[in-house]
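Number of protein chains: 2
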Amino acid sequence: MNVGTISKPHERLAEMLTREMAAVNTLIQTRMASEHAPRIPEVTAHLVEAGGKRLRPMLTLAAAQLFGYSGDHHVKLAATVEFIHTATLLHDDVVDESGQRRGRPTANLLWDNKSSVLVGDYLFSRSFQLMVETGSLRVLDILANASATIAEGEVLQMTAATDLGTDERVYLQVVRGKTAALFSAATEVGGVIAGATDAQVRALYDYGDALGIAFQIADDLLDYQGDSKATGKNVGDDFRERKLTLPVIKAVAQATAEEHAFWERTIGRGRQEDCDLDHALSLMNKYGTLEATRADAFGWAAKAKSELETLPEHEIRTLLRDLADYVVSRLN
Amino acid sequence: MNVGTISKPHERLAEMLTREMAAVNTLIQTRMASEHAPRIPEVTAHLVEAGGKRLRPMLTLAAAQLFGYSGDHHVKLAATVEFIHTATLLHDDVVDESGQRRGRPTANLLWDNKSSVLVGDYLFSRSFQLMVETGSLRVLDILANASATIAEGEVLQMTAATDLGTDERVYLQVVRGKTAALFSAATEVGGVIAGATDAQVRALYDYGDALGIAFQIADDLLDYQGDSKATGKNVGDDFRERKLTLPVIKAVAQATAEEHAFWERTIGRGRQEDCDLDHALSLMNKYGTLEATRADAFGWAAKAKSELETLPEHEIRTLLRDLADYVVSRLN
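Read top to bottom, the protein sequences are chains A and B. According to my numbering, the stretch in the first sequence is residues 510 to 841, in order. According to my numbering, the stretch in the second sequence is residues 510 to 841, in order.
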């Protein structure tokens, strides 16, 4: 793995897709406007302008470009995907009672929960209008299913997060909902709109799915061993918020009775004391679950790359390959 | 107006559409299920089983039937409309911090705000899947636009409710968002799916729009003069919750400086004392705004009825006519 080629592939993708990404941004600005309710663009701008890597819309543009698409529906779909993502973030912040997102205060803190709920709903319906404009029932079907998977995953996360019975299978469903479903829909609709074959569309779906899972597992791992300056989060936030993620799920699966009682008290019942995070980390180290989680993330990244093999040779394919390396390179 | 013919026309509609409504209910039961997240059907069942008149899905079935539709897409669309409605109620209860709905504790009280937000999102995506199954881009376009109008109206209501500058034009936009947009979409898609002409579809839209507006104005009026046993709400709830509705908007428009200061203190700043509701009612009586609001409601009901004149003669048309009388008959 050459470090040169894996440095920030999303930035190189953005560079290659400058013109299209500019069109996506213009469309987002236009469509988030509301003649009647100025609160809507205020809240949305706060989130949209905070940036983020715009990874999801880029995936849609990249997938369409990979098949030489020359229309403009990919721009609409990329904006659709970003609107769905933004709507999800707004609702997530209400659900998580978060105070920070992308290093800035969240909308529910700056305005209120109501604004976050309702503006999220507005963006979701705007995304729906945009996708209808493509006139593709197949695209609508994909995005409707992705939306249902996302919403179901969020509910599942809410109920499964503090339940010690949550196993790796349930965790994977949650991860598909919160991250992978939109990644895979983003790449899939790009291929569909560009007229890729069914096998190619399937490979694009599988690539997005594996990329999203690798991305989320890496995120969950970094919560326990990341550099808080780089991640913008404090080590152990998930533990304090009683979110069962992969490193803990693996430790719970191997726990002695005494250890199980510890997890039950701290995650299950949320009765935590000062030194509990240290003890949790020592248990994860005892069973090597941080290492095992890391291996899982790399495994999914490798799967993502292998899915690309059947797709046309193209500079974009190389960048998508590098992107899969990049999402787990944060773990090195 | 014969009281006999206007008694509960929705019940007679329900009787005429028994078979179709049963199919809608079965579809709702099937589609609100979630293999992975049992919280979803729990929350939804709480709301769906509480009943309500199922007015919106019935409007879709009725409109399709009026044009002799013989397929089964109208059942899907009726379930779609009910899912959108239920999703909106779940989010509304979070936004309004309500404790009661249809005489039962709200979902956000029984479970939590998180569940209401996320299950609402799930139902909205389920509705989206259902409408995609009809394969009609025109239907998708109508429902996407209705969703955007609903969400925009909700945001507008949030920001306009306590703003004394809110005039009747803004009020109407809010009412279209919170009620009329789904009524008009419900009747419109019924006609579209049944192959009605453009002029007929337009009349169905206008009927639903006017019916929804009449319905909501009547609701807002009953808040000030209803029988709390019949409405299930306390007189003056909107005043206490600082919601500017038509009777107050009309009074503010004619207020003296001193009266304006009263409205500014009680609604604008929410500083209310025990006898303020009585004083508010006396101001509404002084300017006859309750009577004027009542006249508006009847005006919209009359408009709804007149829209039906171009539609085919049919028992259903008679019932839709009676329904327009019925929604304002509560004001007699």
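One or more hints might be untrue.
Since the list gives no way to pick one copy over another, a pair counts as held whenever it fits inside one copy or between any two copies.
[Stated by the list, open to error] Only pairs whose alpha carbons sit at most 25 Å apart, straight line, appear in this in silico DMTMM-like list of lysine to aspartate or glutamate:
(1) K562 <-> E782
(2) K795 <-> E750
(3) K814 <-> E750
(4) K562 <-> D834
(5) K752 <-> D581
(6) K795 <-> D650
(7) K752 <-> E551
(8) K752 <-> E520
(9) K812 <-> E782
(10) K687 <-> E824
(11) K687 <-> E782
(12) K814 <-> E773
(13) K687 <-> D621
(14) K795 <-> E773
(15) K687 <-> D783
(16) K517 <-> E677
(17) K812 <-> E642
(18) K812 <-> E822
(19) K812 <-> E768
(20) K687 <-> E544
The hints are simulated quantities; they were obtained by calculation from the structure and are not laboratory data.
In rising order, the numbers of the hints this structure does not comply with: Hints 1, 3, 5, 6, 8, 9, 10, 11, 12, 15, 16, 17, 19 contradicted; others consistent.
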